[in-house]
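Here is how the chains run, residue by residue.
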Amino acid sequence: MSPMALSISLVFVLIPFVLSKTFKLGLEKDTVIAVVRSIIQLFVVGYVLKFVFDSESIIYSLLMVGVMIIAATENARKKGGPIKGITWKVAVTIIFIEILTQSILLGFHIIPHTAQYIIPISGMVIGNSMVLAILFLNRFIAETKAHIDQTELILSLGGTPKQAIHSQLITSIKASMIPTIESQKTIGLVQLPGMMSGQIIAGANPIHAVQFQLLVLFLLLTAAAVTSIMLGLLSYPTLFNKQMQIEQK
Amino acid sequence: MKSAIRFNHVHYAVDDQVILINITGSFYEGEITTLVGPSGAGKTTLLKICNGLLSPKSGEIYVKDKPIREYPPVELRRFVGMALQSAPMIDGSVYKNLALPLELQGKQLPENQAKDLLKDVGLSEQFLHRNSRDLSGGQRQKVSIARTLVNRPQILLLDEITSSLDQVSQKEIEELIVKINQKYGVTIVWITHNLQQALAVGTYTWVMMEGEVVEAGKSHLLNSPANERVKQFVKGEMG
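Top line first, the protein sequences correspond to chains A and B. Residue 10 is where the first sequence starts when you use our numbering, and the numbers rise one by one after that. Residue 14 is where the second sequence starts when you use our numbering, and the numbers rise one by one after that.
The shape of chain A in the complex, shown without the other chains:
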């Protein structure tokens, strides 16, 4: 795409801007900030990626993945509210998923050992894991507050903290995974995934693009399940103390 074509595409920014102004949505400032940030961030990432790919250094690749993990953790932890040690819990979860998925991909030679593959796939896995963590934490905190009487009931009858929080945990895990599962059910029918579309536009064989997209979908499914369940198991004990009582805030 030529710089001229890209400039013309800014008309797609103008449309929501004008609509926001016309209907007094008050989103003009946010729209401009979002556009400016995305232009700067993506170009910076583009140049950084070019540098990392050209250098062929494992250190730079690891640094890049590290930055992704830190940014994802920082974003997701804000939703952790009353959960003690939420930052390291989110970080451990994302790091575990990254190690798990890359070990399988690289160990079984599913992808080549190059930064061009490792970094974009890491980005997708870490990004998805971050969204899942946010969805899970939002729901889990709301569920525990809404059903505190049920938690207290089970404790009062001699149940353990795990039994007392079980139904809220399961509801939150399921709720956070549903968007991933539902979007995969309609994939190809309703929308073509961005990565696959990008490959096809860039001239790749559509069948190869589909194969690669399937790999990504399977990875995201694993990331979704492991993020919700692992974060759930790490988080619930902090809501209780050693005497199996609900922590008083």
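Please keep in mind that the hints were generated in silico from the structure rather than gathered at the bench. Keep in mind that the hints are not guaranteed to be accurate.
Stated by the list, open to error - Derived coverage of chain B by chain A (criterion: at least 3 residues anywhere in the stretch with Cβ under 8 Å from a Cβ of chain A; other residues may be distant):
hint, region
1, 55–69
2, 81–90
3, 93–99
4, 108–122
Note that CB positions come from ideal geometry on N, CA and C, so glycine has one too.
With the hints as your guide, set chain B onto chain A.
Showing chain B alone in chain A's frame:
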């Protein structure tokens, strides 16, 4: 007289908010003791401490002469059962709710035992497979008491279980409390706002105000309290 639960200078606070101050006294074995007092007096907190849902900040509590902190939490909560004020129900049938205490131990409640429990609390066996959402306030409280009895507690704590009930249901619950006390020999501690209930059902009464026990003794103390604050409270509540 033997103590079922004995308090020795018990204090409780959350952050800077003091909730219980220097609680000392006993709930006697096999007796019905009522806790009365205005809202915010610390009555529910006291019961939650007895059930192990909360721990005192200082002081000592003895359950059957053994310090409460020496009981494993699960064992204590089965021994000292508590029916919560809101009578929360888990989703599903009445049977599912009655079976909950045993299910938590990995055991099953035989259906005929569940029917007997319903009979004990004055509900017919037709209620067994009814959805717990369809129960009235009084029926919920009865199921809640029956569910607490599944663990065969020796001490039963009842937290304002009649506060939202009509006159008929209140009377039924009063009779049920006396029946449970006599049939199972269970020590009962019952929080009530209704002083007539305390007089009619309780053998002993504690009057609590602002975290303190201001007067305690046989329930007829409510007819002629010694403490000025209690006199005013009784006057207000009894009209």
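Going down the list of hints, with the structure as the test:
no.: 1; hint: 55–69; verdict: holds (count 5)
no.: 2; hint: 81–90; verdict: holds (count 4)
no.: 3; hint: 93–99; verdict: holds (count 4)
no.: 4; hint: 108–122; verdict: holds (count 4)
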